[in-house]
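A.B. asks: Residue numbers for the sequence shown follow my numbering, so the first one is 6 and each next one is one higher.
A couple of the hints might just be wrong.
Unchecked claim - Taking lysine-lysine pairs in the DSS-like style, the calculated list, with each CA pair at most 25 Å apart, reads:
| hint | residue 1 | residue 2 |
| --- | --- | --- |
| 1 | K202 | K251 |
| 2 | K84 | K133 |
| 3 | K26 | K38 |
| 4 | K230 | K251 |
| 5 | K182 | K155 |
If you are wondering where the hints come from, they were derived from the structure by calculation, not from laboratory data.
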Amino acid sequence: MINQNPYYFIDTHAHLDMLKKMTPDDAVMQSQKEGVKYIINPGSSLSGSIKSCEYSAIFENVYSAIGVHPHDAEDFDSKTLYEMEKLIKENSKKIVAVGETGFDYFRNLSPKKAQEKAFASQVELALKYRLPVIIHDRDAHEDTLELLKKYSVKTSGNDALKAVIHCFSGSTDFALKCLELGFFISFTGVITFPNAKELAQTVKEVPLERIFLETDAPFLAPQEKRGQENYPGFVKYIAEKIATIKGLQISEVAQVTSDNAHNFFRIRRDN
Numbered sequence: 006m007i008n009q010n011p012y013y014f015i016d017t018h019a020h021l022d023m024l025k026k027m028t029p030d031d032a033v034m035q036s037q038k039e040g041v042k043y044i045i046n047p048g049s050s051l052s053g054s055i056k057s058c059e060y061s062a063i064f065e066n067v068y069s070a071i072g073v074h075p076h077d078a079e080d081f082d083s084k085t086l087y088e089m090e091k092l093i094k095e096n097s098k099k100i101v102a103v104g105e106t107g108f109d110y111f112r113n114l115s116p117k118k119a120q121e122k123a124f125a126s127q128v129e130l131a132l133k134y135r136l137p138v139i140i141h142d143r144d145a146h147e148d149t150l151e152l153l154k155k156y157s158v159k160t161s162g163n164d165a166l167k168a169v170i171h172c173f174s175g176s177t178d179f180a181l182k183c184l185e186l187g188f189f190i191s192f193t194g195v196i197t198f199p200n201a202k203e204l205a206q207t208v209k210e211v212p213l214e215r216i217f218l219e220t221d222a223p224f225l226a227p228q229e230k231r232g233q234e235n236y237p238g239f240v241k242y243i244a245e246k247i248a249t250i251k252g253l254q255i256s257e258v259a260q261v262t263s264d265n266a267h268n269f270f271r272i273r274r275d276n
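Given the sequences, and given the hints that come with them, work out the whole structure.
C.D. replies: Here it is, written out as structure tokens:
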């Protein structure tokens, strides 16, 4: 059954190339039936970024972001940066961000210095092409803020650094500091987990006008679908949880977060 609601969702972060139980074609088609109008597929490696661009060329409603995840930062070099810049030039109409990039001190699969170098290089690439940055931050809140502040004070106006903290896992205090820098916060199905009470409080404190929805598929399926492979169609459960926390209708959450994504990522609007 095709979605009949007057509103729609935008999944701002889904890894279609990592799905194992669904093909990208099936995931995109089924998500549309669930009211997901647009999907952003971020790269987490150079090969993943190339694949992301391929998907955005195949599927009209899929947009891409190109980036190297901190887990792969040790392999990030000038050639990687050159290839990323080449992708931007060749796919300018469908690449809407650089990322995901950032720090991951939970698994520490790359040395911190390598993570910092790759992160900074990708932020500079985003600024060069006036693209937003999708930030991966895990157990690295202070260092993430420190690096982003350096670039925030150097930019202004149309050249200002635009960033979103994806799969937000920090405290309310960290969220408010990100908001002060003009950044957005993106929430996943983690907010639906029974033990996510502190994160639910953060959702309550962050203005809806600064929130994105994301599944981070195929990871982090919402509580209602635990044990299943996550995919963009499950983004509605995140919207429902935000609506419950904030005492809003799901239609308002869908409309405002979709408007946020359209404006931030410059996703075209269909009349």
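A.B. asks: If you test the structure against every hint from before, which numbers come out violated?
C.D. replies: none
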